[in-house]
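Protein chains in written order, with this note's numbering: chain A, 1 to 170; chain B, 1 to 79.
Hints in this document: simulated from the structure, not taken from any laboratory.
On a predicted model such as this, the values are computed, not experimentally measured, just so you know.
Fair warning: there could be bad hints in the mix.
Listed next, the stretches of chain A that the computed footprint assigns to chain B, with coverage defined by at least 3 CB atoms under 8 Å from CB atoms of chain B [to be verified]:
1. 8 to 17
2. 58 to 70
3. 108 to 120
4. 134 to 140
No farther apart than 27 Å at their CA atoms in a straight line, the calculated lysine-lysine pairs in the BS3-like style are these [what the hints assert, rightly or not]:
5. A:K133 - A:K165
6. A:K15 - A:K77
7. B:K33 - A:K101
8. A:K9 - A:K22
9. A:K77 - A:K104
10. A:K9 - A:K20
11. A:K101 - A:K15
12. A:K104 - A:K15
13. A:K102 - A:K77
14. B:K33 - A:K162
15. B:K33 - A:K133
16. A:K133 - A:K162
17. A:K133 - A:K101
18. A:K133 - A:K22
19. A:K162 - A:K101
20. A:K15 - B:K33
21. A:K104 - B:K33
22. B:K33 - A:K165
Built from N, CA and C at the ideal position, the CB exists for glycine as well.
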Amino acid sequence: MKSERDVLKCATKMKSVLTKLKAAQPEVVLISTYWKKNEEAEAFEVIDEIRDTISSDLVVFSPPVMYSQSVPSIALKLLNDESIDFTSSGNEHLVNKFLHKKAKMRAEMLELHAISRGYQYINRWDVFCFNDKSCPVFTENWGLLKGDKFHLTLDGAEYFGKRLKSYLEF
Amino acid sequence: MIRDWALNYKAKMQGTWSYVSQQSEQWSNDSPKVAIIGDSTAKDIYNSLYLGMDMRNIKYFRVSHGCGLSFRPPPYWES
Numbered sequence: 001m002k003s004e005r006d007v008l009k010c011a012t013k014m015k016s017v018l019t020k021l022k023a024a025q026p027e028v029v030l031i032s033t034y035w036k037k038n039e040e041a042e043a044f045e046v047i048d049e050i051r052d053t054i055s056s057d058l059v060v061f062s063p064p065v066m067y068s069q070s071v072p073s074i075a076l077k078l079l080n081d082e083s084i085d086f087t088s089s090g091n092e093h094l095v096n097k098f099l100h101k102k103a104k105m106r107a108e109m110l111e112l113h114a115i116s117r118g119y120q121y122i123n124r125w126d127v128f129c130f131n132d133k134s135c136p137v138f139t140e141n142w143g144l145l146k147g148d149k150f151h152l153t154l155d156g157a158e159y160f161g162k163r164l165k166s167y168l169e170f
Numbered sequence: 001m002i003r004d005w006a007l008n009y010k011a012k013m014q015g016t017w018s019y020v021s022q023q024s025e026q027w028s029n030d031s032p033k034v035a036i037i038g039d040s041t042a043k044d045i046y047n048s049l050y051l052g053m054d055m056r057n058i059k060y061f062r063v064s065h066g067c068g069l070s071f072r073p074p075p076y077w078e079s
């Protein structure tokens, strides 16, 4: 539960951001958030407010692909596993057991919610992962894709951006 | 050797966090084609457009913690 002070602070901040957005008049607004548990409704209120304020196209992103442990820790475990052949191409088999299954379920629920409201929705899991069950830890050159459980490294951002291209309509 | 590798990536990861703010100031475009709004995951999108799609006409608007589009704490390092 937010205090009155927090509510006022948020309202002031949002007003400021919306004023800047209106002035900037971008063609497209991309909205991305972690979508904290039990805060989905509040987040959609904010998105509705943005939609009502500006005429730009809106694109809503799903929560990030989340792993059960920090990705550097997973990478270290993988590197210490002598049974893995790092000279072979592809690393799909490396990551399956480290995915956060509940996070994926929440992403799918939010997708239904977003589509019902008519927003263009991009599911990060579709962009980032190989398939429904397997997401990568490394780039092709064994660069690390994430710096914690879900934030991208610079290598990860480059990887994600290249794959994202075909999902965006601008 | 593996520890060196990990520490190198820790440094890279921290670099990611300063990247957007530096670039946002540098590219203070008043009329961006694309605006990105949200928390730290929106920073990831900004970096992705910048590095993966070579987009420059973009601007990031941060919405801070607890304001609907929540801002998460900085990344941590699990030992």
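Exercise. Tell me, which hint numbers fail for this structure?
Worked result: 3, 4, 6, 7, 11, 12, 15, 18 and 21
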